[in-house]
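For the sequence shown, position 202 matches number 202 in the numbering used here, and the numbering has no gaps at all.
Treat the hints as calculated values from the structure; they're not laboratory data. All of these numbers come straight from a predicted model, not from anything done at the bench. C-beta atoms are modelled at their ideal positions from N, C-alpha and C, and glycine is treated no differently. Do not take every clue at face value.
What follows is a set of in silico ranges between Cβ atoms, one per label pair, in the way DEER data are often shown [said to hold, decoys possible]:
no., residue 1, residue 2, range
1, G55, N123, 28 to 36 angstroms
2, D150, Y297, 23 to 31 angstroms
3, E277, K71, 41 to 49 angstroms
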Amino acid sequence: MENLQKFFKDKRVLITGHTGFKGSWLTQVLLNWGATISGVALKPNTKPSLFQTLGLEKKISNNFCDIRDFKKISEIVKKEKPEIVFHLAAQPLVRDSYDDPLYTFETNIMGTANILQAIKETNTARAAVIITTDKVYENKESGLPFKENDKLGGYDPYSASKAAAEIVISSYIKSFFNLTNYNKKHKTLIASARAGNVLGGGDWQKDRLIPDIIRAVFEKKEKIIIRNPNAIRPWQYVLEPLYGYLLLAEKLYKGKKDFSGAWNFGPNNKNYLTVEELIKITLELLRQGSYEIKRDYGKHEAHLLKLDSNKSKKFLNWQSQLDIKTILKLSCDWYKAFYDKKDIIDLTNEQINSFLKLWH
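Required output: the full structure, derived from the provided sequences and hints.
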């Protein structure tokens with residue numbers, strides 16, 4: 001881990017979607033490691049937001065704009081001259097994608113194409129990790145874990161948009177960042193990363209289980225409504241896939257061509273719980289709150305989704321470290337501290353440092 005920290009020190013890193021939940025955690029980690037960070041994103045769309053709680057706006061170079069605007073994206077990438085790019089900007093919600101499919105497709109497909117084209121034209125980035133999702137696979141609910149070379153698909157517009165983004169990534173790799181031309185016509189290696197449902201403090205997005213629980217318990221003082229209690233999800237701690245992205249970026253930067261392409265970063269098998277099981281554990285940790293089931297079949301969501309992360313384990317020496325109770329305790333501790341008005345920046349850094357010690 002110390003070698004990884006040293007690697008990122010003074011590197012110019014561009015993070016798209018840096019004002020979001022995962023983007024804010026990634027920004028904080030890289031700030032702690034001494035990277036020079038620039039960000040491209042819309043302004044935070046939740047109140048509160050982790051980005052504002054951590055005071056990140058004053059600590060990095062911010063570029064607030066829409067990822068769909070290629071002209072602005074191109075200007076920003078040329079200005080910032082990043083050596084490493086993490087592309088997280090997206091319309092990230094399945095249910096919202098039913099309400100506004102065109103925005104979802106434009107953001108997730110053309111936004112990805114815009115970043116890749118800007119990287120191509122600017123020619124300063126040595127490594128780019130493009131974040132998609134575990135939902136890119138054609139899911140026939142077989143229960144078998146998906147491998148990186150499994151067929152892409154997508155029932156809902158969100159999943160379909162991310163699967164399409166994967167095709168765009170693959171096309172750019174083959175057409176413009178081809179491995180046979182590396183160090184001849186270009187010096188950029190590209191990879192995509194597919195992770196599960198991430199949990200952790202500071203997520204305030206709607207239609208996500210833990211934020212919904214937290215709001216119901218601490219703010220609304222009402223029962224939590226569960227739409228799909230028996231759905232099984234790949235739950236993992238937010239820092240786990242982020243650490244995988246960082247390991248992957250280092251390999252790409254150092255010219256390891258075999259690391260170009262798609263990578264899964266999923267949880268261990270014990271962390272595949274139903275929504276109802278997860279809620280019960282969370283309410284036990286919070287020592288308050290209750291729930292009721294109101295099924296909603298209006299918008300299709302996958303029942304079961306598993307990832308095979310053996311490729312990441314074998315070649316990146318990465319694996320999910322934390323059990324679900326530890327993940328939920330870390331999350332609950334963070335939110336409790338927030339509502340108790342404790343020093344959240346200190347707590348966030350404590351949780352980062354404690355997690356990174358697992359990798360010594």
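Here is how each hint holds up against the structure:
Separated by about 33 angstroms at the C-beta atoms, G55 and N123 satisfy the suggested range of 28 to 36 angstroms. In this structure, D150 and Y297 meet the distance hint of 23 to 31 angstroms, their C-beta atoms being roughly 27 angstroms apart. Restraint check, E277 to K71: a C-beta distance of roughly 48 angstroms satisfies the suggested window 41 to 49 angstroms.
Going down the numbered hints, you'll see the structure goes against none, and every one checks out.
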